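Two chains, each in its own frame: build the complex with the hints.
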Amino acid sequence: MRERDAVVDVKGLSKTFRVPKQHVMTIKERALHPFRRIEVDELHALRDVSFQILDGEFFGIVGRNGSGKSTLLKCLAGIYSADRGRILIAGRVAPFIELGVGFNPDLTALDNVVINGVMMGLTPREARRRFDEIIAFAELEEFLDLKLKNYSSGMQVRLAFSVMVQSDAEMLLIDEVLAVGDAAFQQKCLDQFHLLRDAGRTIVLVTHDMLTIERFCHRAMLLETGRLEEIGEPREIRRRYLELNFGREEGAAPARDRRWRGLSVAEAWVQAADGGRADALAHGEPLEMHALIDVEEPIEDARIWFWLDTDRQARIFAGNTDALGLPGRLEAGQRLHLRVAAPNALADGRYYVGWSATRGTAVPEEIAAFHPRACDFTVHGAPPDAGLVSLEHTVTLESALAEAPR
Amino acid sequence: MNAPAATVSPEAREMHGPSALGGSARRFLDLTWMIGITEYRLTYFGSVLGYLWALMRPLLLFGVLYVVFSQIVKFGEGIRNYPVLLLLNIVLFNFFQEATSRSVTAVVESESLVRKMHFPRMVIPLSTVLTAALNMALSLLAVMVFVAAYGVDPRPEWLLLPVLLVPLLAITAGVAMLLSSLYVRFRDVSPIWAVLVTALFYGSPVLYAIDSVPEAYQRAVLCNPIAMLLEQARHWIVDPSAPGAVEAIGGAGWALIPLAVFLAVCIGGFWVFNREAPRIAERL
Chain H
1419 MRERDAVVDV KGLSKTFRVP KQHVMTIKER ALHPFRRIEV DELHALRDVS
1469 FQILDGEFFG IVGRNGSGKS TLLKCLAGIY SADRGRILIA GRVAPFIELG
1519 VGFNPDLTAL DNVVINGVMM GLTPREARRR FDEIIAFAEL EEFLDLKLKN
1569 YSSGMQVRLA FSVMVQSDAE MLLIDEVLAV GDAAFQQKCL DQFHLLRDAG
1619 RTIVLVTHDM LTIERFCHRA MLLETGRLEE IGEPREIRRR YLELNFGREE
1669 GAAPARDRRW RGLSVAEAWV QAADGGRADA LAHGEPLEMH ALIDVEEPIE
1719 DARIWFWLDT DRQARIFAGN TDALGLPGRL EAGQRLHLRV AAPNALADGR
1769 YYVGWSATRG TAVPEEIAAF HPRACDFTVH GAPPDAGLVS LEHTVTLESA
1819 LAEAPR
Chain D
982 MNAPAATVSP EAREMHGPSA LGGSARRFLD LTWMIGITEY RLTYFGSVLG
1032 YLWALMRPLL LFGVLYVVFS QIVKFGEGIR NYPVLLLLNI VLFNFFQEAT
1082 SRSVTAVVES ESLVRKMHFP RMVIPLSTVL TAALNMALSL LAVMVFVAAY
1132 GVDPRPEWLL LPVLLVPLLA ITAGVAMLLS SLYVRFRDVS PIWAVLVTAL
1182 FYGSPVLYAI DSVPEAYQRA VLCNPIAMLL EQARHWIVDP SAPGAVEAIG
1232 GAGWALIPLA VFLAVCIGGF WVFNREAPRI AERL
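Sequence lines, in order, name chains H and D. Positions in the first sequence are counted from 1; adding 1418 to them yields our numbering. Positions in the second sequence are counted from 1; adding 981 to them yields our numbering.
Isolated chain D, as found in the complex (with noise of 0.2 Å):
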């Protein structure tokens, strides 16, 4: 009974750890759809207000910066439509911030599904963003809603709105992977990110826009992948007087700098997770 006589089924496939991706593609949509939905209405619609908070959060933010520096500081003299402007970056910005925020412990406070399941690990970063990018989606409606009220003229332009969202996903996609396998071994980065992500938003042309940038500087600025997204959507949308991201930048050959800082981030999230992955459990 004991010697290795029966045959094995045919059907036996071997079993590997887990990794970041792996399995059916389908049951991982379905996955981080399902954590990613769930932990939004958590999120969301958890308290007695609910979305109210979610939508009042960068509406308060924004009428505190828009006080501060188009009444006080006088920043935002000169830049056409201010305050829509304001308005679109902290949207898209706060999505970046909240994402990548919650990600650093998102593996960690998701121990009880990781030491016990078996399931492609990438699936919990990729629904924090997706919780985040479904708020900004509700946020960018109001947004739009402002803009048209504001007194910008739509323009067919509007509907490219989307095509700037994929980059901007795939790189916050790229940063939440990144921070989230390294906060299972050095949980220091968690403070080091609240400091490194203030310093982004005030890198990046949120408060202000590129041209009040001295020359200078208006290069090294825009090699941040997301100084050039907010950028052109500050062209496609706000201000079509504005220069486009490329236009800013000096030409398509300045803007590779930015492209290859944006396909380091995402491939190298990528890969330092995918490495980490099958390890998680353990570390935990």
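If we strip away everything but chain H, and leave its shape as in the complex, we get (with noise of 0.2 Å):
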């Protein structure tokens, strides 16, 4: 790898929010109580956090909900002020923050484009310019002279992503862009990331989506109650973060019996009819679902699991490599090519399919690797009102006149 400039550079950043704990407060309650101090929690949102981000590096930001990452996002951006610590910036910030990138309901998209485009430093002219690009990238031409107000949520999704991704800022700083949005538009927005990626700017993401940050990061970064937990390769970041996940809110079972790492998913998906990947199937077609499955330790009594949950967490079905037996001793290094099929008789709707590997046949297995939504599909062409699955079966009729008890 070349030698990079770091564009970010924060050096023990803290923040910390008073929040009173009696929030709303009159004048005339001060009045009344001029000496009483107002009592307030204090809430230590970032606790000297220190990093670097490079030039043209993809970086991500995960940590569980409260861990800090959007306010330290939001420091990035300039739009909170530190408390302690400094943080260097090169070049100019586009943010896209709690899904949005500061637009007016009240007016309509040109008005919104272009004001944005002043904040960001262009003057009115070439904010103006830029604004077909925008619109022809959030495909919402129809919709020029509607107030924002009456946009989808998802329609103003796609526009303020698309007024970060049109910016010719050097770094984009975005906040959970998947959580909204059709299953086109976040492919849409999977395909810029992947175009940003390659043109080399600079990108910090926050996101819980695991996957997406194995797909894209080049770093990421776990952030847990405000501290800076782990930085590194995302592959080692997300077992930090299923870790601390999982390792707490199924207290039933010891954590440490968790760490062994053996195992792991390297990819997912659902094949198509003609052999290519897909997310979306027919009713009917074959589905089949493969997993590659890396092997970095050596072990003798692996077992892997598959599921099929509905977008509602409905278990269709589930299983395991049981039926073929162990696979006997796998060495480290090796990859395995898990391939499930089934009949297509899901009703129309999302599917997520997940991928575990365990070891050991003894209760509590460890567990090596955990994705409970390790790919997604959808159905369509389903007869309507079949249920969740159409199982086969048969219809008879007969008249049940002559054998009705008296």
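Because the hints were derived from the structure by calculation, they are not lab data. Small disclaimer: the values here were computed from a predicted structure and weren't measured. No residue lacks a Cβ here, since even glycine has one placed at the ideal position from N, Cα and C. Please note that the accuracy of each hint is not assured.
Here are the simulated EDC-like pairs of lysine to aspartate or glutamate, each with C-alpha atoms no more than 16 Å apart in a straight line [claimed, not checked]: (1) K1606/H - E1588/H; (2) K1606/H - D1697/H; (3) K1567/H - E1092/D; (4) K1565/H - D1524/H; (5) K1429/H - D1459/H; (6) K1429/H - E1090/D; (7) K1567/H - D1524/H; (8) K1446/H - D1169/D; (9) K1606/H - E1557/H; (10) K1429/H - D1501/H; (11) K1567/H - E1090/D.
Label-pair restraints from in silico Cβ distances [to be verified]: (12) I1018/D - H1798/H: 47 to 53 Å; (13) E1560/H - H997/D: 48 to 54 Å; (14) L1564/H - G1059/D: 36 to 42 Å; (15) Y1032/D - R1448/H: 41 to 47 Å; (16) N1663/H - I1018/D: 46 to 52 Å; (17) G1572/H - T1179/D: 41 to 47 Å; (18) L1564/H - E1058/D: 54 to 60 Å; (19) R1510/H - Y1183/D: 49 to 55 Å.
Written out as structure tokens, the structure is:
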């Protein structure tokens, strides 16, 4: 890797919010109790965080809810001021925060785009010139004269994302863009991430979605209660993240049993009839779920699990490799290709494929990898009102009168 | 990879949090102008009759006040060119009232901008003032036509009207900054200001001229910088025989009081807004 400069340099960044216990403070209360201290809760959103982001890097920030990742992004964007520490940034920054870039709902797309451009440092003329490209990218040509408040939330996000992507800022700060929008828009975002990454733009992405992190990021950072927990390879960060998440939420199982890392799911996809990867399947087509699994430590008693959930978390079916018998000794460095085929009897909707790998036959087993939503796809063309799955069945009809009990 | 080995790009500059001003002056002006003019279009050209309403409001108010105070209460007797004076005063005060009242909630209502973008915060109250100022500018044109039609002789002093507008804009901006930043913390600023601005309306020589005030109170009334501005406007435009503002308060020495009030409001408003600006986004 060639020597690259750091375009973001954060040292000892701390941010504390003082949240008054009783939020609404009126002047009357203040006047009546002039010497009463306002009781505040101190919320340490960030504590002594230091890191660097290199030029052209796709940098992920992950962490659980309330871990301070959004606060960090807002500090980078200059929306919050730091309490301690300093932030050095080279170049202009385009933020995309809380699913928006700061629009006025009473204005039309044109007004909003121009004002946003001026905020980003363009002259009004330049901002107007860029408008057409932005609208074309957002595919909103038909809705130019509509006030933004009449846009659907998906349309607003599309416009905002397009504004950010089309800005010529050197660095993009993105907060949870994939949380909304339809599948087509999400795909467009992902494609755009690829383009931006290849174009060498510096991108900072905050997300919960570990797969996005692994797919795009050069490096990632894990925050936990405002502290920097770990920074490094996306794969490593994902592990730590899952460990933190599942290690605590499933309190019953001892956390140390889950530290074994001998197996990991490298890729997961659903295959279309023509052999390519699919994100939409027609009802009745064969359903093939694939996964590539990396063996990182020698293992004798591995077992691989898979399951299929609806987007409402109902489990359609699940299975494991037991039917095959144990695969025998697996050597480190090996890559396994798993294939599960089933008839597609699913109703219309979105489905998630989960994969996990465990070791041992004892309970509790050691979990080596856990991907509850490793990939997803939609099904279309199912008969309406046919239920969750169309089970193979027969229908008979005959007169029952003669046999009816008297 | 983890170690801070990379050299920091020479272009890197410190990212400070949000501030009242900050950034290039050009962007600041562009932004204030864009937001102000868009808001203006939205407010006055949104409805079918659009701008007509904006003009009708002060005219209707003028109609009511004129009938009450010159036909029923006979208030304006003895004041030269009373209808013209009343109209001019209403337009000027209406600007102050509209700009400040709107500014109270301006920052809070721009929440979606403030929480997502880095830009000089002072753009918000200033663009509110600009919106009201554009409205006033158009109204003033109508007023000047009315003044000439009423039969007041045109005089070179009419051209000095913009000179009066500068301090009026300044004090309005000062109040707007003060109110908009305080409202983020104290929501009762809104009702309090509604009462205060009404008090100010009756406390300033809008409906009356300073000579109709009992002599003992004249000086007190004129401590209000807006009263001074209205009196000076009357002297220059409506009635040259009326005393100028400085003369009315009793000389340049006394005029220092409203000047001090004026400066206190302008600087105080800026100071408070500037102090609050970095934290506004967090408190919304």
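Going straight from one Cα to the other, do K1606/H and E1557/H come out at no more than 16 Å?
Satisfied, since the Cα-Cα distance of roughly 11 Å is no more than 16 Å.
Range hint compliance [Cβ, L1564/H to G1059/D, 36 to 42 Å]:
violated, 57 Å
Is K1567/H within 16 Å of D1524/H, Cα to Cα?
holds, 6 Å
Measuring from beta carbon to beta carbon, are Y1032/D and R1448/H in 41 to 47 Å?
holds, 43 Å
Just to be careful, I want the Cα atoms of K1606/H and E1588/H compared with a cutoff of 16 Å; is the pair within it?
Outside the cut-off at roughly 21 Å; violated.
Checking one constraint from the list: CA of K1429/H to CA of E1090/D, max 16 Å. Satisfied?
With a Cα-Cα distance of about 34 Å, the restraint between K1429/H and E1090/D is violated, given a limit of 16 Å.
Is 47 to 53 Å right for how far apart the beta carbons of I1018/D and H1798/H are?
holds, 48 Å
Verify the proposed pairing of K1429/H with D1459/H, using a straight-line Cα cut of 16 Å.
The given pair, whose Cα atoms are some 25 Å apart, is violated under the 16 Å limit.
Does the Cβ-Cβ separation between R1510/H and Y1183/D fall within 49 to 55 Å?
51 Å Cβ-Cβ, so the 49 to 55 Å window holds.
For K1567/H and E1092/D, compute the direct alpha-carbon distance and say whether it is at most 16 Å.
holds, 15 Å
Range hint compliance [Cβ, N1663/H to I1018/D, 46 to 52 Å]
holds, 50 Å
Holds or violated: K1446/H and D1169/D, Cα atoms, limit 16 Å.
Roughly 9 Å separates the two Cα atoms, so the pair holds.
In summary, the structure is inconsistent with hints 1, 5, 6, 13 and 14 from the numbered list given earlier, while agreeing with the others.
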